[in-house]
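Student: Each chain, letter by letter, is given below.
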Amino acid sequence: MDKIQQLGRHTLDRFSAVGRATYLLIGALFGGRPNLVKGFPLFVKQLYVVGVLSLVIILVSGLFIGMVLALQGYTVLIDYGAEDSLGPMVSLALLRELGPVVTALLFAGRAGSALTAEIGLMKATEQLSSLEMMAVDPLRRVVAPRFWAGVVSMPLLALLFSSVGILGGHIVGVEWLGVDHGSFWSIMQASVDFKDDIMNGVIKSLVFAFVCTWIALFRGYDAVPTSEGISTATTQTVVQSSLAVLGLDFVLTALMFGN
Amino acid sequence: MTFQSQNNAVQNENGLTPHVELKNVTFSRGDRIIYDDISMSFPKGKVTAIMGPSGIGKTTLLRLIGGQLYPDSGEILVAGNNIPSLNRAQLYKVREKMSMLFQSGALFTEMSVFDNVAFPIREHTKLPEDIIRTMALLKLESVGLRGARDLMPNELSGGMARRAALARAIALDPELIMYDEPFVGQDPISMGVLVRLIRDLNHSLNLTSIVVSHDVHEVMSIADYMYIIADKRVIGHGTKEQLLQSESPLVQQFLKGQADGPVPFHFAADSLQQDLMQG
Numbered sequence: 001m002d003k004i005q006q007l008g009r010h011t012l013d014r015f016s017a018v019g020r021a022t023y024l025l026i027g028a029l030f031g032g033r034p035n036l037v038k039g040f041p042l043f044v045k046q047l048y049v050v051g052v053l054s055l056v057i058i059l060v061s062g063l064f065i066g067m068v069l070a071l072q073g074y075t076v077l078i079d080y081g082a083e084d085s086l087g088p089m090v091s092l093a094l095l096r097e098l099g100p101v102v103t104a105l106l107f108a109g110r111a112g113s114a115l116t117a118e119i120g121l122m123k124a125t126e127q128l129s130s131l132e133m134m135a136v137d138p139l140r141r142v143v144a145p146r147f148w149a150g151v152v153s154m155p156l157l158a159l160l161f162s163s164v165g166i167l168g169g170h171i172v173g174v175e176w177l178g179v180d181h182g183s184f185w186s187i188m189q190a191s192v193d194f195k196d197d198i199m200n201g202v203i204k205s206l207v208f209a210f211v212c213t214w215i216a217l218f219r220g221y222d223a224v225p226t227s228e229g230i231s232t233a234t235t236q237t238v239v240q241s242s243l244a245v246l247g248l249d250f251v252l253t254a255l256m257f258g259n
Numbered sequence: 001m002t003f004q005s006q007n008n009a010v011q012n013e014n015g016l017t018p019h020v021e022l023k024n025v026t027f028s029r030g031d032r033i034i035y036d037d038i039s040m041s042f043p044k045g046k047v048t049a050i051m052g053p054s055g056i057g058k059t060t061l062l063r064l065i066g067g068q069l070y071p072d073s074g075e076i077l078v079a080g081n082n083i084p085s086l087n088r089a090q091l092y093k094v095r096e097k098m099s100m101l102f103q104s105g106a107l108f109t110e111m112s113v114f115d116n117v118a119f120p121i122r123e124h125t126k127l128p129e130d131i132i133r134t135m136a137l138l139k140l141e142s143v144g145l146r147g148a149r150d151l152m153p154n155e156l157s158g159g160m161a162r163r164a165a166l167a168r169a170i171a172l173d174p175e176l177i178m179y180d181e182p183f184v185g186q187d188p189i190s191m192g193v194l195v196r197l198i199r200d201l202n203h204s205l206n207l208t209s210i211v212v213s214h215d216v217h218e219v220m221s222i223a224d225y226m227y228i229i230a231d232k233r234v235i236g237h238g239t240k241e242q243l244l245q246s247e248s249p250l251v252q253q254f255l256k257g258q259a260d261g262p263v264p265f266h267f268a269a270d271s272l273q274q275d276l277m278q279g
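Sequence order for the protein chains is G and F.
Each step along the first sequence adds one to the number in the numbering used here, with nothing skipped, and position 6 is 6.
Each step along the second sequence adds one to the number in the numbering used here, with nothing skipped, and position 195 is 195.
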């Protein structure tokens with residue numbers, strides 16, 4: 001009987017969390033009149049914190065993943081004399097899958113955890129309450145700029161990740177392993193489709209950005225305002241974002257490239 | 001002399017216009033009742049204190065008045081507006097006229113002291129920057145921190161942080177200010193400074209002040225009227241003289257700081273002997 005009770009309580013807790021998260025999102029996006037004059041500088045600042053400061057980890061990871069892809073791909077392709085296909089292999093793998101997914105995972109670890117910790121700490125130190133008491137809506141003032149910054153920056157980061165990855169593939173494949181420079185680029189150009197490959201990658205990335213940023217903001221806003229609560233919330237952000245990204249990636253891939 | 005005459009004024013409390021009123025408010029968290037049918041009145045332009053042992057939800061009371069929490073039943077009137085029945089926009093409108101000094105100060109850590117004080121002015125007015133600067137500097141001057149304007153909150157001592165927060169709280173000249181445990185964790189000097197500031201602000205701006213505290217001595221020195229809360233209800237209220245003469249053992253226990261009395265020292269438990277034998 002206890003087990004059933006626990007299950008019921010657990011389920012109810014989950015559903016109420018989903019409800020609170022939705023409330024947060026709606027409040028941040030639609031609550032009150034948007035004020036562009038005041039909101040835009042806040043958005044730009046968050047764009048810097050969330051996007052620009054994530055650049056290093058994204059670019060370095062992208063470079064190395066592209067290089068490893070080229071190295072691994074080359075050893076397989078050379079057996080069939082198909083090393084000219086290295087270009088499309090690296091670029092398609094990056095644009096369709098690795099760019100959006102790895103960027104989202106890195107984003108959750110780098111920017112998502114920081115967002116959760118920041119907002120959780122603002123809650124613990126009563127900064128959110130004091131905003132409310134000053135008649136300033138924390139959802140609009142604190143949550144909304146961070147949300148938009150996340151949604152805008154992640155697709156851009158993913159595109160940069162893929163671009164740098166392709167360069168990494170070029171360095172290893174062409175400069176080091178001796179694949180023909182011309183065929184590397186021309187076959188790549190011929191086989192990558194703007195709409196099917198690049199845009200689908202961007203759409204994936206947008207979906208991941210939405211989910212990751214939402215989870216990070218909600219976990220921070222909903223954190224128990226103690227040091228332990230904030231550490232749990234930060235961990236939850238990384239774990240839940242990562243799982244959500246991997247799960248959604250499968251669904252999106254099946255929808256986009258399924259047949 | 002002024003103090004005496006104010007006390008007299010409060011004694012016929014019915015003659016004063018209440019700024020904030022609680023009528024039959026009941027509030028509970030989960031199954032635990034925090035307030036059971038309490039009523040209070042905070043007259044306009046006076047310092048009213050709420051005292052009581054720690055952990056009985058004095059801060060909760062301020063959050064109820066500020067509309068951050070909703071009571072289960074009862075009315076909370078602030079300047080005639082029933083807080084629980086307001087919609088979000090109306091509530092924010094009422095909040096523009098009230099202010100709260102949080103226990104931790106709650107300064108925004110990413111802004112300098114000056115920007116913290118200027119924040120509410122920038123949010124709620126469209127004044128040009130040079131007027132905002134003058135206003136913020138004047139508020140900082142009144143708490144003695146004009147020289148600290150460029151410091152960041154983490155560079156301030158506890159007492160300074162609370163004073164800076166006070167400057168921010170009065171930045172827009174509110175009509176009502178609520179102090180949440182303003183004296184906790186302060187050294188005697190900054191405590192004295194805060195007591196004087198609260199008193200002076202009340203005089204010069206004609207603020208309605210609500211002070212939540214359990215520092216009996218400090219509160220008695222500034223409050224015109226006092227409520228003592230314990231065990232989910234108001235156990236005593238009146239001016240300093242009235243409370244000191246009160247015959248209620250609860251009130252006496254609290255004012256004199258006796259360890260045991262109607263409010264037990266021990267948290268509810270089985271008898272010690274029983275507990276030890278069980279091991």
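Heads up, some of the hints might be wrong.
[What the hints assert, rightly or not] Label pairs and their calculated CB-CB ranges:
no., chain 1, residue 1, chain 2, residue 2, range
1, F, L86, G, K3, 30 to 36 Å
2, G, I4, F, D36, 33 to 39 Å
3, F, E129, G, F15, 35 to 41 Å
4, G, I4, F, D275, 31 to 37 Å
5, G, A190, F, M111, 50 to 56 Å
6, G, M1, F, D31, 31 to 37 Å
7, G, D196, F, N81, 45 to 51 Å
8, G, K38, F, Q90, 55 to 61 Å
9, F, M111, G, N35, 30 to 36 Å
10, G, L167, F, M111, 36 to 42 Å
11, F, E129, G, D196, 50 to 56 Å
12, G, T235, F, S39, 16 to 22 Å
These aren't lab readings, by the way, just hints derived from the structure by calculation.
Just so it is clear, the structure is predicted and the values come from calculations on it, not from any experiment.
Even glycine gets a Cβ: it sits at the ideal position worked out from N, Cα and C.
Student: Each hint: holds or not?
Tutor: A quick look at each hint next to the structure:
A hinted range of 30 to 36 Å for the beta carbons of F:L86 and G:K3 is inconsistent with their spacing of about 44 Å. For the hinted restraint 33 to 39 Å between G:I4 and F:D36, the CB-CB distance of approximately 34 Å keeps it satisfied. Take F:E129 and G:F15: their Cβ atoms lie about 48 Å apart, and the range 35 to 41 Å is violated. Checked against the given bound of 31 to 37 Å, the beta carbons of G:I4 and F:D275, roughly 34 Å apart, stay inside it.
Taken as a hint, the range 50 to 56 Å holds for the pair G:A190 and F:M111, whose Cβ atoms sit roughly 54 Å apart. Against the hinted window of 31 to 37 Å, the Cβ-Cβ separation of G:M1 and F:D31 comes to about 21 Å, which falls outside the hint. With their beta carbons about 59 Å apart, G:D196 and F:N81 fall outside the hinted range of 45 to 51 Å. Checked against the hint of 55 to 61 Å, the C-beta distance between G:K38 and F:Q90 comes to roughly 22 Å, which is inconsistent with it.
At roughly 19 Å, the beta carbons of F:M111 and G:N35 sit outside the given window of 30 to 36 Å. The given range of 36 to 42 Å is respected by G:L167 and F:M111, whose C-beta atoms sit roughly 40 Å from each other. Take F:E129 and G:D196: their Cβ atoms lie about 52 Å apart, and the range 50 to 56 Å holds. Distance hint for G:T235 and F:S39: a CB-CB separation of about 46 Å, inconsistent with the stated range 16 to 22 Å.
Violated hints for the displayed structure, listed by number in ascending order: 1, 3, 6, 7, 8, 9 and 12.
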